[in-house]
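Peer 1: Turn these sequences into a full structure, and let the hints guide you.
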Amino acid sequence: MDFYEDEKFESVMEEITDKMGYLILDVILMSLKKINRENQIFKEILETKLEVYMENHPEF
1 MDFYEDEKFE SVMEEITDKM GYLILDVILM SLKKINRENQ IFKEILETKL
51 EVYMENHPEF
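Numbering follows my numbering, in which position 36 of the sequence shown is assigned residue number 36; successive positions increment by one, without gaps.
These are calculated hints, taken from the structure and not from any lab test.
Honestly, I wouldn't trust all of these hints.
DSS-like, lysine-lysine: derived pairs with alpha carbons at most 25 Å apart [claimed, not checked]:
# : residue 1 : residue 2
1 : Lys19     : Lys33
2 : Lys49     : Lys34
3 : Lys34     : Lys19
4 : Lys43     : Lys33
5 : Lys8      : Lys19
Peer 2: So, in structure tokens, the structure goes:
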């Protein structure tokens, strides 16, 4: 490889690694959003169950 090919190769590799980094960050962001949605759903379910329980057991 000559100097031009080395420089071109480095440029291409840098672009690939940048895109891979953004892809990984996107996957992490999507995972965190999914976790947040699931936690919100579980919270609503627990609140509803607690409400029903409190209605059926007024002594608490």
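Peer 1: Could you run down the list of hints and mark each one as holding or not?
Peer 2: Right, here's what the structure says about each hint:
no., hint, result
1, Lys19 with Lys33, "holds, 21 Å"
2, Lys49 with Lys34, "holds, 23 Å"
3, Lys34 with Lys19, "holds, 22 Å"
4, Lys43 with Lys33, "holds, 15 Å"
5, Lys8 with Lys19, "holds, 17 Å"
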